[in-house]
Amino acid sequence: MLKINDLHVDISDEEKILKGINLNINSGEIHAIMGPNGSGKSTLANVIAGRDTYNVSDGEIIFQNDDISELLPDERARKGIFMAFQYPAEIPGVRPWQFLKTAVDSKRISEGQKEMSVREFSSFFDQKANEVGINSNLLKRSLNEGFSGGEKKRNEMLQMLVLEPKLCVMDETDSGLDVDALKIVAEAVNGLTSKERSFLIVTHYQRLLDYIKPDFVHVLVNGKIVQSGNYELALEIEKSGYENYL
Amino acid sequence: MDNSNTISRKSKISDKEYKWGFNTNVETDLAPKGLNEDIIRLISSKKNEPSWMLNWRLKSFLHWKEKSVLEGEPTWPKIKYPEIDYQDIYYYAAPVTDDKPKSLDDVDPEMLEAFDKLGVPLQERAKLAGVAVDAVFDSVSVATTYEKQLKELGIIFCSFSEAVKNHPDLIKKYLGSVVPYSDNFFATLNSAVFSDGSFVYVPPGVRCPIELMTYFRINTEGSGQFERTLIIADKDSYVSYLEGCTAPIRKTHQLHAAVVELVALENAEIKYSTLQNWYPGTKEGVGGVYNFVTKRGKCLGKNSKISWTQVETGSAITWKYPSVLLQGDNSIGEFYSVALTNNHQQADTGTKMIHIGKNTKSTIVAKGISAGFGNNTYRGQVRVLPSADNATNFTQCDSLLIGDKCGAHTVPYIEVKNPTARLEHEASTSKVSDDQLFYLMQRGISEEDAHHMIITGWSKDVFKELPFEFAMEAGQLLKVSLEGAVG
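First to last, the protein sequences are chains L and B.
Going by this note's numbering, the first sequence runs without a break in its numbering and finishes at 249.
Going by this note's numbering, the second sequence runs without a break in its numbering and finishes at 517.
Worth flagging that the hints you see were computed from the coordinates, not collected in a lab.
Yeah, the Cβ is synthetic: ideal placement off N, Cα and C, and Gly gets one too.
Incorrect hints may appear among the rest.
Unchecked claim - Okay, derived cross-link-like pairs now, DSSO-like style, lysine-lysine, Cα gap no bigger than 30 Å in a straight line:
no. : chain 1 : residue 1 : chain 2 : residue 2
1   : B       : Lys97     : L       : Lys117
2   : B       : Lys332    : B       : Lys97
3   : B       : Lys382    : B       : Lys181
4   : B       : Lys178    : B       : Lys313
5   : B       : Lys447    : L       : Lys19
6   : B       : Lys461    : L       : Lys143
7   : B       : Lys509    : L       : Lys143
8   : B       : Lys382    : B       : Lys332
9   : B       : Lys391    : L       : Lys143
10  : L       : Lys117    : B       : Lys95
11  : L       : Lys131    : B       : Lys494
12  : B       : Lys110    : B       : Lys461
13  : L       : Lys143    : L       : Lys6
14  : L       : Lys198    : L       : Lys143
15  : B       : Lys490    : L       : Lys143
16  : B       : Lys490    : B       : Lys391
17  : L       : Lys104    : B       : Lys490
18  : B       : Lys494    : L       : Lys104
19  : B       : Lys494    : L       : Lys117
20  : B       : Lys313    : L       : Lys131
21  : L       : Lys104    : B       : Lys509
22  : B       : Lys76     : B       : Lys181
23  : B       : Lys178    : B       : Lys110
24  : B       : Lys461    : B       : Lys382
25  : B       : Lys265    : B       : Lys95
26  : B       : Lys447    : B       : Lys382
27  : B       : Lys461    : L       : Lys104
28  : B       : Lys447    : L       : Lys143
29  : L       : Lys82     : B       : Lys76
Unchecked claim - Only some residues are given here: those of chain B computed to face chain L with a beta carbon under 10 Å:
no. : residue
30  : Asp115
31  : Gln117
32  : Asp266
33  : Gln466
34  : Leu467
35  : Ser476
36  : Asp479
37  : Ala480
38  : Phe493
All chains, full assembly: derive it from the sequences and hints.
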């Protein structure tokens, strides 16, 4: 599904953030990237999604056998890469419904399909909104505007359910969430797991992994993956922190 | 960041030309260029005007001559343009027809085709859409659809020239009652040479069941367009009026100096919506329409309401301040505006709310979008006179910048002479942020569509005031006008 080879990323000559990342995620696998603040976790998530504030100086990102390093974020998204944002942007005057319909239609049109009818989309949307327990009043407001932290994350999960991506990159989706919201996120992820879908979960803490069991855990420190293992590794970090790696 | 691995954000947006830039070959009756008493007499006689109308024009012309010697054009707006040679303009250009068309069948087919290209819902489409259309082509009003149906309700919707002939009492009573002939340089010029325009009268107690619409188009090269609109809503009546404007592509600048007067009597409401899409000039700033317009409404009666909504995307220069004189007690004035400047366009636009009566209320929502080298100024005045007890005003001015070579300016004038007044002013300036763009694009939305979505969302408070179909067209206009500006 996703293969990252010797990825180097910087924002200037002085500030190198990722220093040779190798990662191989097969279909159906759940990978967790754990690391202390400033280790480059979020950068990795953003670079996979195609954010242009970062400069990829070396290496390649292969998604389903295509090198996507040159593609624009929307092209990557239409290929099936979804990123759940740590801080989703607020878009005044745009309703979540309208936004998601545009997103769904963009993908369909790029695949040579027709736009979804309003009726068809509405019932699909309502069903998914129900699944993530999102308050319907929220969906009448502007996208993310004035949403609480938990509401924003639920809304991210709603989008993930509606867009049905192939690769879900979750950028610290658990930060600032209470246990109830954490469960919602976990349910959304667990409900989407399949042999054709992979997850990359970026997190600082182990607690989300109580609910979503990763197949692989990687520890990212100072721009490098310093250790990889299975779920046991996450528990170990929970116990002794990152100090051993610094 | 010019490493080969850098993700390119160069947009793939096509740089489409101004879509409305076609030219129509209709035979035109032109008066010679230049401005003098003879030309004014000629315009008046071409229209078979009564002497009182001619005298009003001549009075205005004398005043204008004096004004142009003494003070000239207003210099306070934040706009720059080369001097206008008023002797190098055609003041009368009319399509040649033997007689005034009596029905659509009598209208030059080429002209109808032109309106067709513009998407003006003339003919059957008008009926389907429920819009009554008066189309002003250069200087002459071409056809008014729906006239008969409106007549049954007692509503008068006709060209200004016809109103002069058929409803002289109303014209004499209200012409210049809101914008006096001496008001300002361009209004005075208009009063002298105005060619045609629309007239609306809604009788007491009548709610106009359809939207009334006028479509303006300048066609003849080097001609000025000076239309004049007068709308009177009598007691307890309601009318919603729309205007749209386009012009062909011309290398030279074209002058458009219109005057719009609205009068709302007791309990009456007028809703006036504009989509202004005059030719903005080339990307380098060559050509384009100078849109110097005076629009003002008077809430004459108690509990009356006047509401202006405008979406301004065209013109090389826009200079206009749709205003409301809140004379009747409890009257309401509203102004909702989105003004967009791209490339080298300049806009100095805003409103004036003059509170005279008690408990008068005004709302101003002005949104300026600047892209390219565009310069956008909001200029607004809120005046509360000593008589206006408990007047309230809410003003919101928002500017959105796209790119780093454009400008946004906000110039509010606030003058309060009554201590019971309550005024609120909010202003903000923002950019389309990279975070917003990346967020939308990460969901598969193209950069162009993402920009459009952000901008339309940002303009929503104004768009929602427009009639539905107009709002759709406004969104489309913004999109077309911003092409090439993003990326």
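Hint check:
Annotation: proposed proximity of B:Lys97 to L:Lys117 is violated, straight-line Cα distance about 62 Å (limit 30 Å). Between B:Lys332 and B:Lys97 the alpha-carbon distance is near 36 Å, which puts this suggested pair outside the 30 Å criterion. Proximity of B:Lys382 to B:Lys181 is assessed by CA-CA distance (about 34 Å); at most 30 Å being required, the pair is judged violated. A C-alpha spacing of about 44 Å is found between B:Lys178 and B:Lys313, which places the hinted pair above 30 Å, so the restraint is violated.
Pair hint B:Lys447 plus L:Lys19 does not hold up; C-alpha atoms about 62 Å apart against a cutoff of 30 Å. Between the alpha carbons of B:Lys461 and L:Lys143 the distance comes to roughly 24 Å, so the proposed pair stays at or under 30 Å and holds. The hinted pair formed by B:Lys509 and L:Lys143 meets the criterion: a straight-line CA distance of about 24 Å does not exceed 30 Å. This hinted pair checks out: B:Lys382 and B:Lys332 have alpha carbons roughly 19 Å apart, not beyond 30 Å.
Of the pairs offered as hints, the one joining B:Lys391 and L:Lys143 holds, with about 29 Å between alpha carbons and a cut-off of 30 Å not exceeded. Among the hinted pairs, L:Lys117 with B:Lys95 is inconsistent with the structure: their alpha-carbon atoms are about 62 Å apart, more than 30 Å. Our distance criterion of 30 Å between C-alpha atoms is met by L:Lys131 and B:Lys494, whose separation comes to about 28 Å. For the given pair, B:Lys110 sits about 25 Å from B:Lys461 by alpha-carbon distance, which is consistent with the 30 Å threshold.
For the proposed pair L:Lys143 and L:Lys6, the alpha carbon gap of about 39 Å is over 30 Å, so the pair is violated. With a C-alpha separation of about 35 Å, the suggested pair L:Lys198 and L:Lys143 falls outside the 30 Å cut-off, and the hint is violated. A hinted pair counts as satisfied when its Cα atoms are at most 30 Å apart, and B:Lys490 with L:Lys143 qualifies at roughly 14 Å. At most 30 Å may separate the alpha-carbon atoms for a hinted pair to count; B:Lys490 and B:Lys391 meet this at roughly 22 Å.
Straight-line distance between C-alpha atoms of L:Lys104 and B:Lys490 comes to about 18 Å, which keeps the hinted pair within the 30 Å bound. At most 30 Å may separate the alpha-carbon atoms for a hinted pair to count; B:Lys494 and L:Lys104 meet this at roughly 20 Å. Proximity of B:Lys494 to L:Lys117 is assessed by CA-CA distance (about 28 Å); at most 30 Å being required, the pair is judged to hold. Between B:Lys313 and L:Lys131, the direct Cα distance comes to roughly 46 Å. Violation of the 30 Å bound is thereby established for this hinted pair.
Taking the CA atoms of L:Lys104 and B:Lys509, the gap is about 19 Å. The hint holds against a cut of 30 Å. The straight-line distance between the Cα atoms of B:Lys76 and B:Lys181 is roughly 27 Å, inside the 30 Å bound, and the hint therefore holds. Between the alpha carbons of B:Lys178 and B:Lys110 the distance comes to roughly 46 Å, so the proposed pair goes past 30 Å and is violated. Only pairs whose Cα atoms come within 30 Å are accepted, and B:Lys461 paired with B:Lys382 is accepted, the gap being roughly 27 Å.
Simply put, B:Lys265 and B:Lys95 have alpha-carbon atoms about 38 Å apart, too far for the 30 Å limit, and the pair is violated. Taken as a hint, the B:Lys447 and B:Lys382 pair is honoured in the structure, with Cα atoms around 16 Å apart against an allowance of 30 Å. Proposed proximity of B:Lys461 and L:Lys104 is supported: the alpha carbons are some 25 Å apart, at most 30 Å. For the suggested pair B:Lys447 and L:Lys143, the alpha carbons sit about 41 Å apart, so the restraint of at most 30 Å is broken.
Straight-line distance between C-alpha atoms of L:Lys82 and B:Lys76 comes to about 66 Å, which puts the hinted pair past the 30 Å bound. Using the Cβ-Cβ criterion of 10 Å, the hint placing B:Asp115 at the interface with chain L is not satisfied: the shortest such distance is roughly 44 Å. For B:Gln117, the interface hint is violated, since its Cβ never comes within 10 Å of a Cβ in chain L; the closest pair sits about 48 Å apart. The criterion of a C-beta within 10 Å of any C-beta in chain L is not met by B:Asp266, whose closest approach is roughly 35 Å, and the hint is violated.
Given hint, B:Gln466 at the interface with chain L, holds; its Cβ is 5 Å from that chain's nearest Cβ, closer than 10 Å. At its closest, the beta carbon of B:Leu467 sits 8 Å from a beta carbon of chain L; the interface hint therefore holds under the 10 Å criterion. With a cut of 10 Å, the hint placing B:Ser476 at the interface with chain L holds, because the nearest CB-to-CB distance is about 5 Å. Interface restraint check: B:Asp479 against chain L, minimum CB-CB distance 7 Å, threshold 10 Å, status holds.
Interface restraint check for B:Ala480: the shortest CB-CB distance to chain L comes to about 8 Å, inside 10 Å, so the restraint holds. The beta carbon of B:Phe493 comes within 9 Å of a beta carbon in chain L, closer than 10 Å, and the hint placing it at the interface holds.
Hints 1, 2, 3, 4, 5, 10, 13, 14, 20, 23, 25, 28, 29, 30, 31, 32 from the list above are not met by this structure, while the remaining hints are.
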